[in-house]
Structure formats: C-alpha cells, structure tokens
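Student: Residue numbers (our numbering), protein chains in the order written: chain H, 1 to 496; chain S, 1 to 636; chain W, 1 to 103.
Think of the hints as simulated: they come from the structure by calculation, not from any bench. Heads up, the beta-carbon is just placed ideally off N, CA and C, and yes, glycines get one too. Take these hints with a grain of salt, some might be off.
FRET-style restraints, in silico, Cβ to Cβ [what the hints assert, rightly or not]:
no., chain 1, residue 1, chain 2, residue 2, range
1, H, Q441, S, A5, 52 to 62 Å
2, H, L415, S, W400, 21 to 31 Å
3, H, K455, S, L548, 24 to 34 Å
4, H, N108, S, F71, 52 to 62 Å
5, S, L598, H, Y276, 24 to 34 Å
6, H, S451, S, A25, 51 to 61 Å
7, S, K533, H, Q441, 33 to 43 Å
8, H, M1, S, L570, 45 to 55 Å
9, S, L600, H, I160, 43 to 53 Å
10, S, T319, H, K357, 36 to 46 Å
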Amino acid sequence: MSFLIPLLIAVPLCSAVANYLVNANSARWIAAISGFIQLVLSILIWKVYADFRAAGETAQFLLTAHYSWFPLWNINLDLGLDGISVTMLIMTSLVVFSASLLSWNVRNDAKLFFSLLNFLSAGAYGFFSSLDLFAMFFFLELAVVPKFLLIGIWGSGEKIASAMKLVLMLMGGSALLLTGLFVVYYGAGGNFSLTELASNRLGREIQLVAFPLLFIGFGVFTALFPFHTWVPDGHSSAPTAGSMFLAGISMKLGAYGCLRVATYLLPDAAVAYSPYVIILSSIAIVYGALATLMQTDLKYMNAYSSISHCGFILLGIGMQTKASILGSVMQMVSHGLMTALFFGAIGLIYQRTHTRKMEEMGGLLKSIPFLSAVFVIAGLCSLGLPGFSGFVSEMTIFVGSWEHSDAFHRVATILAAASIVVTAIYILSAIGKVIFGPIRQASHISLEPASFVEKLGTGVLVVAILFMGLVPFWFTNLISEDARLIMNQFTLLMNP
Amino acid sequence: MFTPATEAILIPLIPFLLFGIIGLAGRRLPEIFSAFLGIGGILASLLFSLHLSVSYFSEPVQGAFVLKEFFSFPWLNFSENLKISIGLVADPISMLMVVVICSVSLMVQWFSLTYMKGEERFQMYYAFLSLFTGSMLGLVLSSNIFQMYIFWELVGVSSFLLIGFYFQKPSAVAASKKAFIVTRFADLGFLIGILLLSYETQTMEFKGILDYFKSGNFNPEVSGIWMSHSLAAWALVLIFVGAAGKSAMFPLHIWLPDAMEGPTPVSALIHAATMVVAGVFLVGRLFPVYSLFEGVMQLVTWIGVLSSILAAIIAISQTDIKRVLAYSTLSQIGYMMFALGVAGKAGAEAGFTASFFHLFTHAFFKSLLFLAAGAIIHAVHSNEVENMGGLRKQMPIVHWLFLIGCLAISGVPPFSGFFSKEEILLNAWKSQPLVYGFALIGSGLTAFYMFRLFFLVFYNKSHSDVHGHESMGLNFPMLLLAIPAVFAGFVPFSSYVTSTGLPEETHLHLMFSIAPVGIGLLGIGLAYLFYFKQNSLPEQWASKLSGLYKLSRGKFYFDELWRAVYQIGLIRALATPAAWIDKNLVDGGLRMGAEKTLRLGDRVKLIQNGKLQDYVLYFLMGILALILLTLLMIQS
Amino acid sequence: MNQELLTPLLILSAFLFFTGVYGFVTRRNMISMLMSAELMLNSANINFVAFNKFLYPGKLDGMFFTLFIITIAAAEAALAIAIIIHVYRQTKSIDVKDADQLI
C-alpha cells in the first residue's frame, strides 16, 4: 500500500504536464478529472489508513515509503502518514477539486493556469506526507513559486505588486525556515528525519535557537502577527482558485509545519516560547477580527477574517493541551474548507456582479439564490454556527485552552472567544449588505444562475463542512491518538 | 408502539428532517405541499410529546419527578472527562416546554397557511419554521449544557433567518442582524460560563453538574475566588448573561422590539411563546445550582423586576401594535425571571413552580394576542394603531379573542393569567415585599397598556377607509389557542412542576388575590377612561408627565446607548485603530522595509559606477586594509 | 657588498610607485594613466633588481623577472593603446570619465 502516497503526488504532477500539452478546453477537463482522482485517492488513503488502525497497527506513521535522495547529506524522500496528515490530504484534495471546478471559465492561457494549480496541489500533498524536513521544505517551495504566476497573470487589481509582496514575504519566511532547518540538521549531527529527530531530542540550547526561526518561518505562511500583511493583498488580487488555494491550503502548510516541526520536534523550546506564541496569536485573533470590521471589499473581508481564524490554529498550538491541539488540527481542516468555500462564493458572485464592493451590491438572494445560499452558509460557518465545522473546532480550542487555570491563559481564551462576537458582526453585516436588502444596481436584477459545475464545486465543500460539523467524532477518533503522541513529547519533558 | 427513547428522539428529529427536505426541495415542492409537510410533522411531534409527557408524569420515581436520561452518545471528546454527549432527557420542565412548543408551533404553522399565502419564499418560510421548532425542541431536551448551547445558537440563527424573512426590507435586515448580534454577545457570557462551570465540575452533563453541587463537593475555596465571589458563582452570573440575552432582559432587551419586523406568526412563535423564554428555562434547568448562591439569585430577581417595570412603562406609549406586545412580552418574562429569583429564599420555593406556570399560560395567551394582531395587520396592512380603531364591527371574532388575551394577561379571574400571576406575587410577597410592590405596580401597568391597545384598536375613532375582514383560516387556530388561554389556569400545576420534583398541593389564596385583581381592574378602568372614546385625556396627561412620557416614548434611550457603545466603543475605539495600524504600521512597516532595501540598493549601486579610477581607489584601499590587517596579525 | 645602497633604491622605488598611483588615479587622460601604470611596473622592476643584487647576489631570479615584466609591460602597452584607440573611436574622447559604459 506504500505506493499510494507517491501516486497521490504523481497524479497532479502528471496532469500538470498533460494540461500543458493539450488545448484549453481539454485542460480544464483534465484538471477536473485529476481533481476527482485525487479526491478518490485521498479517501482511499483514509480507508486504508483506518483499516490498518482498526487492525491494531500501532506505528505512528503508516503507509510509509522511503526513497534515498541525496545520500551524501543523508537527505531522503521519506513519506508516511498519521491521522493528522490524512485529514490534511482529504482537505487538500477537496479544495483542489472544488477549485478546479470553479475555475471552469478561466480565460487567458487556461492550460498554464491548470498546470500551475496542479503543481501547487502536488506540493501540498508532498508537504503533508513528508517525514523528512528537507523534503518538506522542497515541497513547501514547490507550493510557493507557482502562486506568483497565478496572481501575476490571472489576478485582479494591483496584481503584480501583490504577487511580489506575497512571494517575497513567503520567501523571507522560507529563508528563516531554511536557517532553522540547518540549525536542527547540524544540531542533530546531520539528520533531517522527522521520526529520528522526535525520538532523539535535541539539546535545549539548540532548540531555543531553532524554534523562533522555524516557528516564524512557518508562521509567515499562517499569517502570524505581525507577518500577516501579505494575506489581504495576496488573497484579494488572486484569481478565485488562487485565493481558495492560498487561504485553504497554503496557510495550513504553515500551521501544519508549526505543529509538526516546530512544536513536535522542539518541545522544550515550545514550552519556553509558548507565552509569546499565545500573545501573538491572541493579537492576531482579536486584531484580525477588528480590522475585518472596517473592510468594504468582500475578498479583503475574508482575507482579514482568515488572519483571525488562523490565529485560532496558532493559539491551539501554543496552548499545548491535548484538546487544544486537537482543536487546532480541526480548525486547520475547517478553515481550509470554509474559507475556500467563501472565496469560491465570492469569486462566483464577482464574476456576475463585476464588483466586490459590498455597498455596490444588495439583494442578491433574489437574483442568484443558490450562490447567495452558499455565501450565507460559508458566512455562518465562519461565525461558528453549530452544525458547521467552525463551531466544533473553535469550541475544542476553547475547552482545551481553558484547561490552564492561570489568569494569563484564561484572559487569552476569553479574548479569543470575544472575537467570535466581532466575527458575527462583520459576517452578518456582509450578508445584510450583499445578500439581503434591496437590489442596488439595475444590472443585478437578473444575473446568470449557477451552472451545474459551479453547483458541484461549491456543493462538495458545503457537504464536507456539514459532515465535519455534524460528525466531529469522525475527526477526533482519527487524530486524537496523534495529538496524544504530540502531547507525549511534553509529558516526557515534565518527567525527565 | 414506540419506546419513550424513540419518541424523544423523533420529537426534535422530525422537524429537522422536514427542514432538510423542504429546504433542499425549495421551489420544486408545491407551496401547499411544503406547508402540509411542516404542519404534519409538527402534529406528529405534538402527539409524540403529549404521549411522552403523559407517560413521564404517570411514572414518578419514589413519588418524585426526576431527571431521566433517555440516551446519550459521545459526540465530541475534548479530554478524558470533558466531552459533549448528544443525549435527551426528560424532567418536568422539559416535558412542559415540549408540549408548549409543539402546540404553539402547530397553531402558528396553521395560521401561516393563510397569513403567508402568496409569499414568494413560502417554502423557505416553512423550512425555517421547522428548523426553529426542531432546534427549540432539541434545546429543551438537551442532556448536556454544551448541547444546549449548540441548540441555543441554532434557535438564534433560525430566529435571524425568520426576522429577516422579508429580506428586501432594510429595517427587517437591520433587525435580524441586531437580534443575532445582541444574543451572540450575551452568548459569549454563556460560553465562558459553561467553560468555568465545566472546569469546576469536570462534566458537561446536566445530571453531573446538578449531582456535583448536590453532593456537597463544592468548596468555594477550592474552586477559586475572584472579587470575593467564587468562580462557580461567576460562572452562574455569566450563564445568566446568556439567558438574559435570549430572554431579552434589560439591558440586553433591545433586539426584541425590533425583531417584530419579522412575519407576525413568527413573532408569535419565537418572540413570544418559545425562544424568548429559553433564558427562563436555562435558569430553571440549573435552578438547584442557582439556589445555592444567594447573590446570584438577587441579581436574577432584580434584573427580572427591572425588566418587568421598565418594559411596562415603555409599552404604555408605543403606537406600533406589535411593539406594544413585544414590550409586554419583555415585562412578562421579567415576571418569570424574578419568580425564579425569589424562589431561592426558603419558604418561597414555589416561585419556581409559579415561574413555569406563568411561562405555560403566557405562551398561550401571548401567542393568541400576537396571532390576533397578525390577523388585524393582515386586514389593515399597517402596524400603527392610528390606522386601526373601531375594528370591532369589521372583525368581531378577533375582537373577542383579543379581549380574552387581554383579560388573561391582566390577571382577571378566571382566565389563565390570573392563576399564574397570583402565584408569582404570592411568592414574591413571601420572599421580598419590595419585589412584591414592584410586581403589583407592574400588573397594574400591564392591565392599563393592554386595554389601551385593545380600546385603541377595536373602539375609539373608526376609520371608514379600512375594510377589515376575517377569514376562518386565521381565526380557527386562534380559537384553539384561546381554549388554553382561558382554561390553562385550572391545570394543577404544582403537582407536576416543582423545584424539588416532589408534587405539592395547590392552594388558592382568595384574600391574597384581592390586591392584584383590584389593581388590574383599576388599570382596565383607567384605560377605559382614557381610550374607549376619543378624548383629550391622553394628551393632557402626556404633557403633565412629559418627562416620564418622553422617557417611555424614547424607550429609555437604550437603543441610543447601545448604538453609542457600538459606534464609539467598538468601531471608533478598536476597529478603526486596528485597521489603521494594519495599513500604516504593519503593512507600512513592510513597505518601508522594502523601500529602504531599494534605497540601499541604489546607494550600493553607485559603487559600481563604471569609473575606472574609482575602482582603482577601492582596489588600493582594499590592498592597504589587507596590509594593515596582516601587520596587526603579525604583531599580535 | 655594502647594503647601504639598498635603502635609497627602495625609497626611489616607493616614490616611483606612488607617483604612478597618484597619476593613475588623478589623470583623466588614458595615455597618461597608461604611463602611470608603466611607472608602477618599473618601480617593481627596481625592487626586483635591487633585492636580487643586495640580498641574493648569487641568483638571477630577480633579473629574469624584471625582463619578464618589461615584456609584459610592452605587450600591455600595445594592448592598452589598442583599447584606447577603440574607445576613442566610440566616444571621440580619451578621457577616462567618458568611458564608463561597457559599450
């Protein structure tokens, strides 16, 4: 079964090449079919993984595959999955499938567009399933560079400036990351392997040096305050699929790295730095939500709200209890799906109304009921309504954070919880302005209804969000053992 | 046929399923078919709930009605102890609520069949009603405080969707937003309260929480003290904030009058009979815990008293028929709330019974009043009482029904409101005479403003241009509601619902009821003098009491206060600076960094200027530096 | 052999060298700069010869090197003048300030 992960990475790579060889019309079909195959494969991977677990398999990582890459420096292509990465793979494939469907009408060189999109997804799959830090870094970079072209060519507004900003900031993060990785590598005597680094813990001094580098490096991807400023411009300039990918998957790459690399491998430093992580993430949560209140552009609104929501992920990681880590993994999945849906809906509405300014829209429920309903669902999920995925993940983080009974952690939790009120305000204002109310422009009275492909693309994500919101134990059963293993690193620390 | 557990599951599940079916089918379903689906579903739920409550009340455990758990299954595990289990429980108050919700919802859905005829989103209306009913039923049957929070939010969102049903009307959109945001703000308190309480008790099950406090494990020293009160007390205060938000207690009441922008049947169901009493239900659910904390009970009492009096004063001067009813709802919920509050005192435990008795009777007569108002609005096409008047002739049946409602709410015997209100006053008297005094004034005001409304609508000057008409489709459900509005008072309530679960005898204190009934009749008499015929008395008194009148007209300026809090506190003090900082400091910082890098590049570029002689100079300087370095190294 | 004569020779060489440097840096005219470069090379030659004579009288390495440098200097002068002529054709000037582009 170890061929499954390489296959999952190979499918988008092959289709990236294939996309470029055929004409534009076939390219989108290839992208859609490849997206579907990726979705099926990732669900198959989950099935195989769950069967292994049910059969009593206790190894931390399953479905492993090992390829030697640069033997001279002990760099390998080590692949393997635990429950956390399985959920990430499913989330990624859902977003990729939906994004390819929602880009059905992309103009200007559709071949290159879909090709780049597939490169991105290959990078994401590789990142989530790598067990070697260098390979992880490699895949992370694979998922960065195509974004520049995606935004620069198919974007809107000040696309070149935004693309530059995004890539430069992410590259800056990568530079920190690479430095941190080398600190770890040499600290461990020339080892990049995740499993070996986890069992032979680095010295405290090395950890203290490596942690800020790694955490900030990955944090730039996850909109860690104050390194989040690429998020609003990048997302709002990107084409629909680009924003879906950026917010849905890219930001999760960083979050996953913060958890899997920075926290899991460097527990002593994670404990030492946890107050700073908590402070920064609380600031991101509250401040992101407040800044969102003042936005008038739908994409900017969702981008700022992503800063706030991703703050929850980092808060959960910083709190370092089992429930909070569980919650932050769930928040990664939930935010990935929800924000992709939101950006998808915004993109489809923008295609029809040709404006993203809230005050120029209104009463869309009358002219495009289906897309309006999707918009409302995404909004309600974003404000944490029970029944949708956002609620369970946020609540798990709150309950997990509450396990610390000192004032500092409690205040941080209460601040984070207070932000959901602000979230309700901006989401409802947006719904009130855009979906409800009288129609403001004559051209908005009759708009093109959603096509079948668009309904399918958004429907997939809606179903996924509902599934996660209604059956959260499916997730917790899958990942709670892995969260416990991460927590084990901390307990070892307390009882040396 | 069904086991109680299956029945309990089916009661909320049927409306939820219908929401899914009607909502997904949308316009593909014929209007009438979706309405019949909704009505049939709720009828089934009503039958199940009647059967369930009959079987529950016929099987007391050792003479007492206890919390009975039907099933429970783990839904979300947070840690080893803390988990959300989805489960259903039965106890007297939840059985009571289930019957009330189902029956009122049935009548409202029936009424809507005529009222909402021809609406564009007719199917969605029934879908949302089913969603609301299902969530509300889930709320009252929840076995877990977190599960209750989940349904709590769901009733909030269905209320949001229904208030904003006429989504093209800006005022309806604003009202729906306001309702959701204000209750969300209060729910923040609820959430933190849950976290605090569950951290203390290490369980989220109601049963576990109640047992924890009953067993005497609770020790304020261990639980932690903050500002000279134990954390558990603070948890209860915060939970009460949530309850106050949902039940529109002062000062969080501002959303309820605006919520009247929704369709009138919705107001009858959600904003009169069921959702707004969820706060009372929540406090009642945790009543054994609340009663341990004297201070918290005082807070509950006085917030209740304040709400009941202020709302009654505001109701006197409002001219929108639905808003008058909304303020009267506020006032009546205030009664229920302080009845719970006074029940903390020894000797006045029956306040608990009284509170739920009032909840029970109020649900019927208030939804009757709202539906009657709906029928009037349907005929007159206006909410303003100025456009009504003299409707007695055009709408005789509605006139009688409205009168029944008014008599019931004013506490005139033998209508249902008399019994419940009398019991509240009795327990208030036993506990705190001051509260009793306020409650007495409140009931006088209630009678006055209700009959003011009644006379203004049905008597006073008549409009010749209004062609009121009645229809059986509207009247029949109201007639059915009028039956319990009249007779519900004769239910031997205290033999079913008590704070301990042990049945008690009902006593009627005839001597005691003289004062409340008298003051009620006085209110009615005054209203008759002022409003039966058009005269100048109202204007005279309004100018005499101009200060109070202005306060009442202006609703004590709570809307303005909250708007100022929102505008100044949130937008101007927090959000604007945050957006500014983001644009100028964080993003500006990055831009500045980028610009400085560019500048530096420009400077450094000048070194490579192509001038041969400059290069030679650099070369020489380099050589000199190297020589110096070498010399220094040799020396040292 | 008395070595007192070495010091004045070295001073002469240093003087020549720095004259060359000064000329190279300050003169605008490329021909003058070429001449200055010759001065620097020749100061090196003097050093070579002087050291060879006074420190290692039995050897000839310094002499050979001097001859080598003279050859290089000749070749370099030819090459440099060729470049200068080429630059002149392009810019109509043999001022070094005008020759700051790689044309």
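Student: List in ascending order the numbers of the hints, as given earlier, that are violated by the structure.
Tutor: 2, 3, 6, 7, 9
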